[in-house]
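FYI, numbering that gives the first Met the number 0 numbers position 391 of the sequence shown as 390, with every residue one higher than the one before it.
Hints in this document: simulated from the structure, not taken from any laboratory. Each residue gets a CB set at the ideal place from its N, CA and C atoms; glycine is no exception. Only true hints are included.
Here are the simulated PhoX-like pairs of lysine-lysine, each with C-alpha atoms no more than 25 Å apart in a straight line: (1) K304 / K182; (2) K230 / K182; (3) K449 / K474; (4) K449 / K477; (5) K449 / K418; (6) K230 / K208; (7) K200 / K304; (8) K143 / K419; (9) K143 / K418; (10) K431 / K442; (11) K442 / K474; (12) K419 / K431; (13) K453 / K442; (14) K453 / K474; (15) K419 / K449; (16) K442 / K419; (17) K453 / K478; (18) K418 / K442; (19) K200 / K453.
Label pairs and their computed distance ranges (CB to CB): (20) M260 / K453: 17 to 27 Å; (21) A218 / E350: 48 to 58 Å; (22) R434 / Y231: 49 to 59 Å; (23) L446 / S271: 28 to 38 Å; (24) G294 / R414: 49 to 59 Å.
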Amino acid sequence: MTAGDGGAHGACGDLGALKPVVRSVFEGRDEGASLSRKKLAKQVGKKARDAGIAPAVEDRDKFTKELRRILADASALKKLGLRDAGDDAVALRKKGDKKRAREEKAADGGAEEKQKRSKRQKREKVKVVKDADEYVLPKVDPTKIYSMTEDEIESAVRTAIHAVDARFKGLGSRRSSGENLWKVQDQRDDFKTGPYSQQEKDILRLAVKTFAQVRGLSATDPAPWLTRSQKYPEARCCHHVFHEVLPHRRLRSLREAAIRMFHPDNNAGAWSVEDDRRLLQLVREHGRRWNMIGGLLGRFHASCKDRFKELKPVADTPIDEALEDEDPKQGMNKERFSEEEIEALRRILRELVGEDVDVPKVSWSAVSDAMVREGHLRNARQCQRFYDYHLEQSLKAAGKWGAGQDDALLDFLVRGVTKKGWLFEYQVPWDKAVRGRSAEVCKRRWLGMKRAIKGGVSMELGEVVRTLEQLREHKRRKKERAEGGGKSGEQEGAGSDVEE
Numbered sequence: 000m001t002a003g004d005g006g007a008h009g010a011c012g013d014l015g016a017l018k019p020v021v022r023s024v025f026e027g028r029d030e031g032a033s034l035s036r037k038k039l040a041k042q043v044g045k046k047a048r049d050a051g052i053a054p055a056v057e058d059r060d061k062f063t064k065e066l067r068r069i070l071a072d073a074s075a076l077k078k079l080g081l082r083d084a085g086d087d088a089v090a091l092r093k094k095g096d097k098k099r100a101r102e103e104k105a106a107d108g109g110a111e112e113k114q115k116r117s118k119r120q121k122r123e124k125v126k127v128v129k130d131a132d133e134y135v136l137p138k139v140d141p142t143k144i145y146s147m148t149e150d151e152i153e154s155a156v157r158t159a160i161h162a163v164d165a166r167f168k169g170l171g172s173r174r175s176s177g178e179n180l181w182k183v184q185d186q187r188d189d190f191k192t193g194p195y196s197q198q199e200k201d202i203l204r205l206a207v208k209t210f211a212q213v214r215g216l217s218a219t220d221p222a223p224w225l226t227r228s229q230k231y232p233e234a235r236c237c238h239h240v241f242h243e244v245l246p247h248r249r250l251r252s253l254r255e256a257a258i259r260m261f262h263p264d265n266n267a268g269a270w271s272v273e274d275d276r277r278l279l280q281l282v283r284e285h286g287r288r289w290n291m292i293g294g295l296l297g298r299f300h301a302s303c304k305d306r307f308k309e310l311k312p313v314a315d316t317p318i319d320e321a322l323e324d325e326d327p328k329q330g331m332n333k334e335r336f337s338e339e340e341i342e343a344l345r346r347i348l349r350e351l352v353g354e355d356v357d358v359p360k361v362s363w364s365a366v367s368d369a370m371v372r373e374g375h376l377r378n379a380r381q382c383q384r385f386y387d388y389h390l391e392q393s394l395k396a397a398g399k400w401g402a403g404q405d406d407a408l409l410d411f412l413v414r415g416v417t418k419k420g421w422l423f424e425y426q427v428p429w430d431k432a433v434r435g436r437s438a439e440v441c442k443r444r445w446l447g448m449k450r451a452i453k454g455g456v457s458m459e460l461g462e463v464v465r466t467l468e469q470l471r472e473h474k475r476r477k478k479e480r481a482e483g484g485g486k487s488g489e490q491e492g493a494g495s496d497v498e499e
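Please take these sequences and the hints and turn them into a complete structure.
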């Protein structure tokens, strides 16, 4: 068939003329080679033009499109006697070359084993999620960690490394391996909170050193792999290992404590007036991007965040804008709380937590913001400290804490520490501490008793209890001596009267 008017359509419609061309294309392809509809039409069209049964130049595009349409029709291919080849072409067109390559690769034994391993890893990942509640209960007895020697702690760390590796092997990043455990722990209240004691710091420092030695990481400068563990595969799940030797602390707390302990910018010294001014200026320019601000100031990012909380009442007011060469802290009121401020603080606390102002779950930042809105420049720390040292003492006057109940609370804790081995406050059943007093009231009163001791907030439970017991015994003896001295003075006076 030659080119002419309607030549393209005529050529495509003449299946008999196309049959040998299409068959030669299929027979001439390489074994196993893919042949999509587009490639088939292109090769058939070229051979058809070479054979003189298709237009050479004119209407070539129209001829190719028509040819592709016919070749996509299974019935047309069947008429050509190419049913099997046609099915192959249609299948390749639908699945694509990539899927065919994957199927060929899956036929290999190595690829098949890889697929099995991937399925096994997915099952293990699901298992980790289901066992999260069980895993946060540590293997190391928290009541024995403070009696462990350095060698025992190192041995526990090495054992924990192998245990954690076996549990999270092949799970990849921290997100897939243990982030769900962090969330589960955040929802529980059976963990110790607050500042780390010296014993805890020593144990954590030794755990970091041992982990670095086993993993071949830097023990002298662990800050890089502690802060960016995703860039150090050897440091993966390091906080889970630390959790094995400090099981009473949350994973999140251990990470923050380790980073703060070893970060080179954490010991930058006291904040100067110029540092405060630069901090406020950087927050205005960059927002609360603490990592960036910490790098610009040469300080630990968490320290910058904590410092800004103290300066926030000034930063939120126009006062600081007028302080060009003055101390930003001058904008805050550092005098004693006035009666107006005390009443405002009481009212704000009642609005936030109700009539029971002893509830400790209060956002002191929110309290500070409310105080600033009323014109009282007090930061969160000032509000909390005034409540702890002054308003909290009004428990007795309000009838919430009776005479002798301090002794009852201390006796209860002494029995628990000596006979039941309590080490941490979360082990204390506060609702049973003092008869007729709620758990929240007892915990709040205990916090006030701890703060009466220098450094008591960072002490362990047993150490605080022993210190308070010694102070109570000292006061009792002092009182007895005073009473004894008074009685002896009366007796001497009576004796002198008799002699006279």
